[in-house]
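Colleague: These protein sequence lines map, in sequence, to chains G and U.
Here the numbering used here is used: the first residue of the first sequence is 1, the next is one more, and so on.
Here the numbering used here is used: the first residue of the second sequence is 1, the next is one more, and so on.
These are computed hints drawn from the structure, not numbers from a lab.
Treat each hint with caution, since some may be false.
Negatives, chain G to chain U, calculated, CB over 12 angstroms [stated by the list, open to error]:
{"#": "1", "residue": "Leu87"}
{"#": "2", "residue": "Leu91"}
{"#": "3", "residue": "Glu114"}
{"#": "4", "residue": "Asp121"}
{"#": "5", "residue": "Glu131"}
{"#": "6", "residue": "Leu150"}
{"#": "7", "residue": "His170"}
From chain U, some residues computed to sit far from chain G (all C-beta separations above 10 angstroms) [said to hold, decoys possible]:
{"#": "8", "residue": "Phe53"}
{"#": "9", "residue": "Leu99"}
{"#": "10", "residue": "Phe126"}
{"#": "11", "residue": "Ile142"}
{"#": "12", "residue": "Gln405"}
{"#": "13", "residue": "Trp445"}
{"#": "14", "residue": "Ala571"}
Partner residues are not named here, just some residues of chain G that face chain U (Cβ under 10 angstroms, in silico) [claimed, not checked]:
{"#": "15", "residue": "Val90"}
{"#": "16", "residue": "Met113"}
{"#": "17", "residue": "Pro126"}
{"#": "18", "residue": "Ala135"}
{"#": "19", "residue": "Ala147"}
{"#": "20", "residue": "Tyr154"}
{"#": "21", "residue": "Met181"}
{"#": "22", "residue": "Leu184"}
{"#": "23", "residue": "Asp185"}
{"#": "24", "residue": "Pro186"}
{"#": "25", "residue": "Leu237"}
{"#": "26", "residue": "Arg241"}
{"#": "27", "residue": "Ser242"}
{"#": "28", "residue": "Leu256"}
Glycine is no exception: its CB is placed at the ideal position from the N, C-alpha and C atoms.
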Amino acid sequence: MLQSQSISGKESVFVNPGPALLEVENLTKSYDGRTLAVDHLTLRVPSGQIYGFLGPNGAGKTTTIKAIVGLLRPDSGTVRIAGVDVLQDVLQAKRLIGYIPDTPMVYDRLTGMEYLNFIADVFGVPQREREERLAVGLSTFQLEEVATKLISTYSHGMKHKLLIVAALVHQPRMLILDEPMGGLDPRAWFRFKQLLRQHCDAGHAVFLSTHVLDIAERLCDRLAIINKGRLVAEGTLDELRSSQHEKSSTLEQLFLQLTDEGDQEWEQNQAETATASVSHLDKH
Amino acid sequence: MAMFWRLARLQFNVTWGLSAWKQSRRLARYSLLFLPLAFAPLLGGIFAGATWFFKMTAGTTLQSALLALLFASVQLMALILSLPEIISVFYLNDDVNILLPLPIPPWQLVASKFMIVWASEWLIGFALALPVMVAWLVYGPIAGVAQGIIQALVLLLVTLILPILPLAVGSALALGFMRVISPSRGRFKEYLQVAGGVMGLFVGLGINLATQQVAHGDPQLLIQQLTAPGGVTHLLTRLFPPAQWAVWTVAPVHQNQALWGALLLLGVSAIAVVLVGLLAQRWYLTGLLGEKSGRQAFSRRSVAGGDTAATTTPASRPSASAVTGASEISPGEREAVRRLPWRSQVRVCPPWQALFLKEWRMFWRTPGFVAQALLTSFAVPAAFVAISFASAGKGTNQLRALLEQGRALAIQLPLVPLLAAALGLITSFNPMLGVGFSREGRQAWNGLVLPVPPWQAALAKVGLASIVSLATIVLYASVIHLLLGQPLFIYGWAVLWALAIGIAGYSVALAVDYSMPKLDWKNPMEVAQNSLGGLLASLGALLPTVVLAMLGIFLWIRGGRGPLFYGTLLAATLVIDALAGWILVRAAARRAQIGV
Ligand SMILES: Nc1ncnc2c1ncn2[C@@H]1O[C@H](COP(=O)(O)OP(=O)(O)OP(=O)(O)O)[C@@H](O)[C@H]1O
Ligand SMILES: [Mg+2]
């Protein structure tokens, strides 16, 4: 199986990686002293990149992200945002982060505007910038109408959009998203992708976890795949392909191979039967 | 039937968190055992009182009068306390969303939920009745161990059956009420709980007034009626026949009476439960889902609502790139921004103020919290005043004499610290203010990822609690001033002092809440109801008052008077405030570091 070290040598191949905005080193976290959710994970996200974080259910993606944004204290290891150690200087690190969790639980007794103002106040965003950024955010996600209403009246997707606008209001160096596509309609997702790209072009970076390999393939500049808390592969899509000596393989095939748990044969059999039955159908 | 038992088991599991408890660490698991310890003084007091009473009244019918009183209060308590709980468990719990799509008849759903209310009501009632029953077994007219064991079993069964009837009445009320209202969703439901609470208060108030009517407002006559043989039994028989049946069952004058009592108690309870089942079958789903949609005409405004947004044409909209600061937006675009409907609401304020505003808004927009605050702040003093006025016309002389006595006594006592302690105690009873972190529930992450020093977040919460409690304190002080007189400045000092005590109490409570929060709730009432942390927080809120009161009493008994007495108490208050603040800041910092 592929080890993270084997790829690190190829890092220089990648064109001009900026200074690291997110550095995770030997991050380890277990729940109840029993479940090892994240196991000596090391990652490095350069500026200007959208970094995809993949892995099966329960691989430890959410746990890693929570440790990065300061919602969980890791057992060991360090996390640095633009050089600021999350454990040493929590407040400074938090100022650099925008975070959107996998389930959009917002203070639903506030109105959208009250929530956005609250976030902007805490981050100290001045009036003029605040107005401009909110104008763009709210119109991009068509929230202008509902902005003055209570969040408890929002739909799932609307809450998600509000969180996106809030997370961008202070222009964080590091935008961290846990399964960001949940609840967004196609138009919102399209615009969101544009925003993410622009955010990176401005010299910031995005770190997102996802199951949707299509997103990972098209949107992300760099990928990390974890399984059972361990990094199993890291690099650009091309790097991943070449490391597996299968230049033509899709990310899906790579993912299945890398996160294989001994039931690869079963999957192959399934695939074969599927093709067989399809070709069988074709004949008729 | 197998399905029903599975359902009932699920209810217990979900409501009491049994699975979670079984999986928790050993230490956390057994910490529950300390719960009875917290109530030990109260239970001990009841036991001592009951023992004294049974010894005093050995061989008279008065003994069964106390039992009747006990049974009646268990029932009354079940009736009043359970109404909000019934509404909450029947209609507002999250599991409704899971159970409703399943092919289960409504009566089974309600029955399984009824069992959970019954069990929790029984636990509370039984805990409070236990000392009296033990005293009865030891000092009552029971001869021999064998008879004692049988009596104990009978008592246990009776306490089990007693809450059924009032709970059935409560369930029927709730089913009918919700059917009529048939709410659709959201905040409205919380107002219903509030209504339940207020209803409970007024039932209590009504009973209070009724007993005054019965005794013609004369305290001495009331006492006479309560203690005279036959008096109280007579009253209770009329008000609560089931209590009488229970007394027959437990302490029969002759053998037949026990049988009749038991039969009546069981029979009526069973009939009531069956009736509730029938009602549930007809009304439960209507109350839960509403009769039919579209009571209000579909408003034109909401159909055409998109237009206002559309008036800002895409061209005049600020370009998306401005979000990332890649480019400044043009002056024309700035004009467009100015005209947007939400624009007037963009307001900059310093972080500490933003934090407080957030707390303030979340508090006042959660009806459950507001109701609790208002209930303790306004309704209870209002009830006091109402009762005093209502009784003013009747037993005037006694009341006035009592007040005169009180005033005469007040002059001899250190009124300021006494008032401060009393007022501090009252505000500390307002539990929702103490659980400010749990109040955020699953939204708590919002605050934890922000670059805010934990002490600032905690300060915002204590600030809110202080403001609300100040209102409470001033109101109570005014009422006491009405009753006791005395110069106003005394009350001024007492209010300030009580506020200092209250702040310490809230800080302790909030520290407990930060340390053991309950964040997976949805219904705000649950915070106070279902969590050990919430309970400990409420007890913690009382701690500063209790410590100061004990210190004061100690000093007074040791002959402490004058400046030294007051100086020591004041200094102690300041020390306690500082200590509580320190504990709170530590707890908040720990929570912010470890996260949820
Ligand atoms: N609060 C918790 N207590 C105990 N174990 C937990 C807790 N949260 C997560 N875990 C465990 O940690 C491991 C990693 O969980 P995590 O939520 O990080 O996975 P994930 O990669 O985000 O999965 P998904 O794709 O399903 O979101 C899992 O084995 C899970 O069971
Ligand atoms: Mg996850």
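Colleague: A separate judgement is required for each hint: does it hold in the structure or not?
Modeller: Here is how each hint holds up against the structure:
1. With a minimum CB-CB distance of about 8 angstroms to chain U, Leu87(G) fails to clear the 12 angstroms threshold, and the non-interface call is violated.
2. For Leu91(G), the condition that its CB be more than 12 angstroms from all CB atoms of chain U is violated, with the nearest at approximately 5 angstroms.
3. A beta-carbon of chain U is positioned within 12 angstroms of the beta-carbon of Glu114(G); the least distance is around 6 angstroms.
4. With a least CB separation of 3 angstroms from chain U, Asp121(G) falls inside the 12 angstroms interface cut-off, contrary to its annotation.
5. Remark: the non-interface label on Glu131(G) conflicts with the geometry, its nearest Cβ contact in chain U lying 5 angstroms away (cut-off 12 angstroms).
6. Residue placement check: Leu150(G) does not keep its beta carbon more than 12 angstroms from all beta carbons of chain U (closest about 8 angstroms).
7. The claim that His170(G) lies off the interface is violated: its Cβ sits roughly 9 angstroms from the closest Cβ of chain U, which falls inside the 12 angstroms cut-off.
8. Annotated as non-interface, Phe53(U) keeps its C-beta farther than 10 angstroms from every C-beta of chain G; the closest such distance is 49 angstroms.
9. Distance check on Leu99(U): its Cβ is at least 22 angstroms (rounded) from any Cβ of chain G, clearing the 10 angstroms threshold; non-interface status holds.
10. With a least CB separation of 34 angstroms from chain G, Phe126(U) remains clear of the 10 angstroms interface cut-off, as annotated.
11. The Cβ of Ile142(U) lies farther than 10 angstroms from every Cβ of chain G, with a closest approach of about 50 angstroms, so its non-interface assignment holds.
12. Taking the minimum C-beta to C-beta distance to chain G, about 48 angstroms, the non-interface status of Gln405(U) holds against the 10 angstroms cut.
13. Distance check on Trp445(U): its Cβ comes as close as 6 angstroms (rounded) to a Cβ of chain G, failing to clear the 10 angstroms threshold; non-interface status is violated.
14. With a cut of 10 angstroms on Cβ distances, Ala571(U) stays outside the contact zone with chain G, its closest approach being about 35 angstroms.
15. For Val90(G), the interface hint holds, the least distance from its beta-carbon to any beta-carbon of chain U being 7 angstroms, beneath 10 angstroms.
16. Given hint, Met113(G) at the interface with chain U, holds; its Cβ is 4 angstroms from that chain's nearest Cβ, closer than 10 angstroms.
17. Because the beta carbon of Pro126(G) sits about 7 angstroms from the nearest beta carbon in chain U, less than 10 angstroms, this interface hint is met.
18. Among the interface hints, the one on Ala135(G) holds; its C-beta lies about 4 angstroms from the nearest C-beta in chain U, closer than the 10 angstroms criterion.
19. Hint status for Ala147(G) relative to chain U: holds, with the closest Cβ pair at about 4 angstroms, below 10 angstroms.
20. A least Cβ separation of about 12 angstroms between Tyr154(G) and chain U goes past the 10 angstroms threshold, and the interface hint is therefore violated.
21. Given hint, Met181(G) at the interface with chain U, is violated; its Cβ is 18 angstroms from that chain's nearest Cβ, farther than 10 angstroms.
22. At its closest, the beta carbon of Leu184(G) sits 15 angstroms from a beta carbon of chain U; the interface hint therefore is violated under the 10 angstroms criterion.
23. The restraint placing Asp185(G) at the interface with chain U is violated, with a minimum CB-CB distance near 15 angstroms, outside the 10 angstroms limit.
24. The interface hint given for Pro186(G) is violated, since its Cβ lies 16 angstroms from the closest Cβ of chain U, which is over the 10 angstroms cut-off.
25. Checking Leu237(G) against chain U: minimum C-beta separation of about 25 angstroms lies over 10 angstroms; hint violated.
26. At about 31 angstroms, the closest approach between the beta carbon of Arg241(G) and any beta carbon in chain U exceeds 10 angstroms, and the interface hint on this residue is violated.
27. At its closest, the beta carbon of Ser242(G) sits 33 angstroms from a beta carbon of chain U; the interface hint therefore is violated under the 10 angstroms criterion.
28. The beta carbon of Leu256(G) is not positioned within 10 angstroms of any beta carbon in chain U (closest approach about 33 angstroms), and the interface hint is therefore violated.
Figure legend: structure checked against the earlier numbered hints; hints not met, in rising order: 1, 2, 3, 4, 5, 6, 7, 13, 20, 21, 22, 23, 24, 25, 26, 27, 28.
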